[in-house]
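Novice: Assemble chain D onto chain Z, guided by the hints.
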Amino acid sequence: MLKKFTVGSWLTLIAAIAGVVGVIFMLRSSNIDTAYAYKTVGSLTLMGVCGVILCLLAAWSPTRFGNHDIISSFGAVAAIGLFMAVVGTMIADRVLMIAGLFSYNSQNMVGWSVFYATVTGAVAFVIGSVLLIIASFMKNAKEAK
Amino acid sequence: MKRTGLWRGLTSLMCFFLALSIIVGNVLEANAQTIDTYMGTQSERIESDGALYDKFTPSEEVLNEDGTGNSHALIQKAIDLNRRQAYEGSVLLKNENNVLPLASGANVTLLGIRSHKPVLGSAFGVKVWGPVINLEQALRDNRTDFAHTISDSASTNWATGETTIGLTMESWTGDEFDFDGAGYGVNPTMIDVYDKLLATYHHEYNEGAEEVFDPREPSLDDLASVNANYKDSFAQYGDAAIVVISRASGESHDYLPGGVVEGLGFTEPLALSQNERDAIELAKECSDKVIVLINSSASIEIADLKNDPEVDAILWIGAPGAYGMLGVADILCGKVSPSGGLFDIFAAKNMSAPAMQNMGNFRYANADGVVTRGGGMFGGNTGMYIMEAENIYVGYRYYETRYYDCVAGQGNADSKAGVYASTGNWNYDEEVAYGFGYGLSYTTFSFEFEGEPEFKAGRNANGAIDATATFNVKVTNTGDVAGKTSVQIYGQAPYTLGGLEKSAIQLLNYDKTQVLQPGESEVVSVVCDLQYIASYDVNLNNGEGGYVLDPGTYYFTVGNGAHAALQNIMAKQGMAVEANADNAFEREIDESFIERTAFSISKTGEKIVNQIPYADWNYYQPGEVTYLSRADWNATWPKTYDKLTLTSEQLIDNLNGKYYTIKTDDDTSDIIWEEDNGTKFYEMWGVDYDDPKWEELINNMTLEEAQYLATYGGPSIPGASTIGTVETYMTENAGNGVAVNLNASKDTGAPWNIAADDPNGNWHPEVFGNSPLTASSFNPQLCYDLGAFVGEESLFTGIPILWGPGLNTHRHAYNGRNGEYYSEDPILSGVTAMEFAVGALKYGLIAAPKHYAFNDQETNRSGVAPYMTEQRAREVELRAYQYAFEATKYDTPEFDQGMRGLMISFSKIGSVECTASVGMMTNILAKEWGFRGYAVTDIYDDFDIYGAVLTSGTTCYDTRGMAGFYTNTTLDGGRFDGQVDGSTVNSEIFSGDATAQNAIKASVHKILFAMSQSNLMNRYDASTRVVKLPVFWRTAYQTAEYGFGALMVCSAVLYLVAKLRKKEVK
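Order-wise, the sequence lines are chains Z and D. Residues are numbered in my numbering as their position in the first sequence, beginning at 1, plus a constant of 455. Residues are numbered in my numbering as their position in the second sequence, beginning at 1, plus a constant of 330.
Chain Z with its partners taken away, still in its complex shape:
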């Protein structure tokens, strides 16, 4: 299978790894303190994991079904949607905390830990999404000559 991998395939695979990093840091930011637990942490985890699986699917399926196959194409789009949905939920949940850290609540060291974990997780998901977009424009399987 790896013999058929292209640069696009590898980017998709790296996107999956970024998704894993995103999930880990999302969970980390949710578990630092009960006050900062995501209300929907279960759903967020599920979405993140599904996104990672879709990335893997998007990397694998062209090696079986050919370049730009439908499974990999919509798998990538769905993964982007899932990753960004997680990012959106994380940001929406953290807006008030972040506003506080940069004003009246700058002493909150726990908050800063949560902030760093949140930013790391969100950036990882966004990087994953961007890699998927780039990969979508590229060939994702070597075709037989």
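Worth flagging that the hints you see were computed from the coordinates, not collected in a lab. Don't take each hint at face value.
[Stated by the list, open to error] These stretches of chain D come out as covered by chain Z in the derived footprint (C-beta under 8 Å, 3 or more residues):
{"hint": "1", "stretch": "586-592"}
{"hint": "2", "stretch": "1362-1371"}
[To be verified] To give a feel for the contact side, a few chain D residues facing chain Z, derived at Cβ under 7 Å:
{"hint": "3", "residue": "Thr334"}
{"hint": "4", "residue": "Arg338"}
{"hint": "5", "residue": "Ser342"}
{"hint": "6", "residue": "Cys345"}
{"hint": "7", "residue": "Gly355"}
{"hint": "8", "residue": "Asn356"}
{"hint": "9", "residue": "Gly496"}
{"hint": "10", "residue": "Met499"}
{"hint": "11", "residue": "Thr503"}
{"hint": "12", "residue": "Gly504"}
{"hint": "13", "residue": "Gly705"}
{"hint": "14", "residue": "Asp1307"}
{"hint": "15", "residue": "Gly1308"}
{"hint": "16", "residue": "Gly1312"}
Because the structure is a prediction, the values reported are computed rather than measured. Note that beta-carbon positions come from the ideal geometry of N, C-alpha and C, so glycine has one too.
Specialist: Chain D only, in chain Z's frame:
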């Protein structure tokens, strides 16, 4: 192949942008009100079919003839009032050889970088926004230059630590205003030098305290490096040299003992650095008239300046606000004679205050093992505490009482303990620079009691005692210029060595004269409530507790500050001091006049007993803490209580938030909800609190609606269909004005609304000086007028509740937030806050004083546990709130004034959160003081003890940014997950708890009652509704969502088409 790749890639890209658009849209909608405030947009509007706005209207002077708002007149009124605040509040401390006033036409040199960039407001909290008049303009000019003088503040990059300075508004294109300045010539060379040095020594008009402080004052070498010949300018501008020394104040940070940058020639942040002292020496080179302006909300250590014969004058000016420098100029040039008195005592060394032995960071030795409660939204300070071992001896109460005992030769007052400035044993004259309440004038006054003071005592129908002493003081201007002065009445209760702790002197009340011409007299009547000279005895009635007025000889006096007052009393007592015994009055008070325990019945008729025993560390772990006692100053001088070990299970349980267990099986069948009797909120205007109609109204609600109001009702009044409320954003900061631009009003339907295109629409009403400046005026009428004006601001900005003013006590000078609080004295604080709040109510603004109570330092403020005796709590911090909340001055037989709003502290009282303290919130606040109104937590505080908070008497949470009834915010979990008792917050949580349901009803009653007396009612009738409006950001994100969504679908379709074609080709 290429086309499938293109469409596939575009589909992914559009999906990404669509997701981004949705994220941005969700965040914008969730924070719409905040965005409206800061961007001046209006995303929704309250509409009604009826003719409204008939309950509260601005004064005619800020309206045009047709009733529309006149922004120019409003700003002019703010300028005039801030100017008055500054010239009434500034305190002349020294004026040798009458160097002041300095006549118009003088050529002066301003020295010290702060002369060019003074502190006008706080970095955070009570920031001064928008265009300002700085010192050089006030001294030199006669027209504002608002377009080029906009206040600024610093922000620090969280990642790099780099500090950048930003303006509080991008630009000012509105009106400019004429004013009559001091008419001085101001040395332009030094202005230029300091202006250039600001690039290196950055300063802003709004700054805060710093834990490791550097005043950033340039050295003389720095001055020379900019202009080697700068001293040449002194000859032309040498009529006087004016040096400005500043210390800032702000939220979140304190000054700390020893917290200074090394190598600057000072060891404490409120002492003068070497460069600051050099600036004063330079002033002596410049002129033989040296004037120092103290630009600070804290007591700077200026004993050296007091004793320096070459420093001619010292004028304390606080942080004077946007236009307050006009008032400072008025004093300097003699248009106005100064009349303020110090808000705090100015010690020679601030570390000499006993409170300073226990200030800063203290953590239980075993906190990590036993304090398991999380820190909530504010992080983990549950293991932090401070030991307020100074007992009742806060501020001047310590210095004056110890002075008295020194002279009386009792209590080992004349010992080494607590010596910081004395060369030998403790000596008042060396330890204190300027006393509380002290201030000079350009004229002189004589004070004499006009007749005998009138003592009255009578019992009300509810059993409470009203006992007052009225002092008629004839004040005569005995000098050569016009002026006014405060009339400060102090008292002394009889003290028995080793008995109940009592301050040797305490302020009882005050008032201020009108401007008196030379030779003119005025009789000022000051009514003193004798409950404020009573002492709290926790051991009364076998430990039940209560106030006592010990029989014996009481002394009363009028004086220029606490020290002069005390000396008058001492002279009356035959002690060897130089003072005016004729200004002191003695009165035997015994049970024939008033029972010893009469004040153990509150004005509401409630029996007063111990309510917060958990405030005292010794309550849990007896004998571990020694509180300061005048019985032996030496033996009880506070030690530093660091790393105390928790051993009491009850104490540990409290710290872990185990206050209240939500019940599940109460019979709640007699608690009425969903009655549907037709009563609506708009009908409640003017309805008394005790009117049964309130019960009718609240019975209509569902339990979920009521719980939602108690949960999220802090920042907004939620929409509740059963009673006809619509969700309305209704609160803002702060004590120096309403934090909403005129063109960002939440009430654009008001006839006086300032249109978005008004040239002054960008004006931001937070312009007034810091709180100590207001307090130092000792002028109740000024405080009322300030409150009333902020009330008018609220009508223009559509904000019916103000989170302010600050009403905590200055426990010591290092509290970074002292600029937001009035004073170290509870009566001065209480009177000032009461007048402000009652003035605000004139225009339907509910001023909610904060932070109830014991926010005694910013360090670890979220959850720190301050331990103290209940006597200390009641006689110092709580007394300020009591005075304001009882508001006896404004009571009539038909009307009980009171306050209508309150914000609760982040901190605990002892081991119990203030928000969850039934003693604080219900038994003292509501039952003893009769508070009926909105009592909100501080922002996001104590979410994890939901049941305890909502059953304590706290009426609602400050959930700023979270509200949105039945939309994105619900009662189910989320923000309130992680309860310490393991319970789950949802709309059913109180279904089996009768206590909680009744508490929720009471909370709703109090919140809605407060609202019903506010200017919110201007907008209410049967047809009131909220309409969403198409603001640009809403249009933008919606367009993006639709656009990217459509493009994504198109790309996907084209991808499929291309894919199918490719298949066909194959």
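Novice: Taking the hints in turn, state whether each one holds.
Specialist: Each hint, compared with the structure:
1. 586-592: Contact hint for the stretch 586-592 of chain D vs chain Z: violated, 0 residues under 8 Å.
2. 1362-1371: violated (count 0)
3. Thr334: holds, 4 Å
4. Arg338: holds, 5 Å
5. Ser342: holds, 4 Å
6. Cys345: Holds - the Cβ of D/Cys345 comes within 7 Å of chain Z, reaching about 5 Å at its closest.
7. Gly355: violated, 9 Å
8. Asn356: holds, 5 Å
9. Gly496: The hint is violated - D/Gly496 has no Cβ within 7 Å of chain Z, the shortest such distance being about 13 Å.
10. Met499: violated, 17 Å
11. Thr503: violated, 27 Å
12. Gly504: This hint is violated: D/Gly504 lies away from chain Z, its Cβ roughly 27 Å from the closest one there, beyond 7 Å.
13. Gly705: With Cβ-Cβ at 6 Å, under 7 Å, it holds.
14. Asp1307: holds, 6 Å
15. Gly1308: holds, 3 Å
16. Gly1312: Violated: closest Cβ of chain Z sits about 11 Å from D/Gly1312, beyond 7 Å.
In this structure, the hints that do not hold are numbers 1, 2, 7, 9, 10, 11, 12 and 16, in rising order.
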